[in-house]
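Colleague: The chain contents come next:
Number of protein chains: 2
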Amino acid sequence: MLDGLTQARGLLFVVSGPSGSGKDTVLEEVEKFFPNLWRCVTTTTRARREGEPEGSYSFVSEAEFRCLVDSDQLLEHAVVHGNYYGTPRKPVLDQLDEGRDVVLKIDVQGAASVKRAMPDAIMIFIVPPSFAVLEQRLRGRGTDPEDVVQRRLADARGEVSLASSYDYIVCNDHVADAADRLRSIIVAEHCKVVR
Amino acid sequence: MLDGLTQARGLLFVVSGPSGSGKDTVLEEVEKFFPNLWRCVTTTTRARREGEPEGSYSFVSEAEFRCLVDSDQLLEHAVVHGNYYGTPRKPVLDQLDEGRDVVLKIDVQGAASVKRAMPDAIMIFIVPPSFAVLEQRLRGRGTDPEDVVQRRLADARGEVSLASSYDYIVCNDHVADAADRLRSIIVAEHCKVVR
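Top to bottom, those sequences are chains P and A. All letters in the first sequence, in the order written, are residues 712 to 906 by the numbering used here. All letters in the second sequence, in the order written, are residues 712 to 906 by the numbering used here.
Each hint should be verified, as a subset may be incorrect.
Copies of one chain are not kept apart here, so a pair can be met inside one copy or by any two copies together.
As the list claims (entries may be wrong) - Calculated cross-link-like contacts (lysine-lysine; reagent style DSS-like; alpha-carbon spacing at most 25 Å):
no., residue 1, residue 2
1, K903, K826
2, K801, K826
3, K743, K903
Hints were generated in silico from the structure; no laboratory data involved.
Pulled out of the complex, with its shape left as it was, chain P reads as follows (with noise of 0.2 Å):
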């Protein structure tokens, strides 16, 4: 009775946030409501963490991302803490031409290109209740020497001062409750009138 009058091809998430906002654990929750939202894996040249599952980021060598970057393979790319990380074009494309909505976890440099590229993409910022939680939250992960946490706090301030670019901010105080607002965004732009 409404056809036409809400999305059928699926819809483009775009979910940033600091290190240390718990983006990978409310993303997880997330999963489990959507079992056809598809995560895209980020390519990388970061060193794999010790304990890291091996699919959550596609590992490269520099040399290999560069022949992706060269090839124009890549939605967008950007530079992190000294590592490459980029977002392969043509897995995303397919999935949404598909009909399937994609969420991409990306920095605020790479979603920033994103949006340019996707207008319509869904940009969503997830924050941790406040710094002193997030510097707990980094030191309590052990992963990190102090130098990183130190730069990893710095890098944060910078990029919650752009989280009024975005669309949505999801606090994330619990987890459960962050993942019930990300998945409310989901269900909800799903419902949007297409105009």
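We have chain P; now place chain A onto it with these hints.
Modeller: Just chain A now, kept in the frame of chain P:
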């Protein structure tokens, strides 16, 4: 850490949908999740239906209604099926100022007036999954004579054609699913970044 980026004032949700779309049932479900959500009681000159709870509308005479209109106490008013319906202005503004969300359940004419008066209003249209289901529900209610059912069906076609001017469309296929969609819209709107 993000003061001023999300709305502190209450949000105004305008909910419309044809007779028989199940607006009331869906709203009742959603209200269970948000004890702070304030549903504005519409003022009307129409007769109270058998079994209809007293507080569902503020029932007034035509003379009383005219007095409210003349003294500018209504945010909007409209004639639907030959009866007057109106939204009292002051209680709505007071609740929003106090940071409480407000829901107005009003017809498409009234909704358009509210949107003009309050451009930040979030417009939600509830639809039955099909006209066949709508007809079934209107007859099932058993309260309206045949000519009223026919008029409501004709009106529904006109109203649904205006759905594209709303922000969101909620399909009421199953009450629990429709309530989850409406609830999600409310949660998501609270995560929206204020421009």
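Colleague: Evaluate each hint against the coordinates.
Modeller: Hint check:
Taking the shortest alpha-carbon separations for K903 and K826, both the intra-copy value of 19 Å and the inter-copy value of 17 Å come in at or below 25 Å. With identical chains, the CA atoms of K801 and K826 are at most 25 Å apart within one copy only, with a shortest distance of 16 Å there and 41 Å across copies. Taking identical chains as interchangeable, the C-alpha atoms of K743 and K903 lie at most 25 Å apart whether they share a chain (23 Å) or sit on different chains (23 Å).
When each numbered hint is compared with the structure, no violation occurs for any of them.
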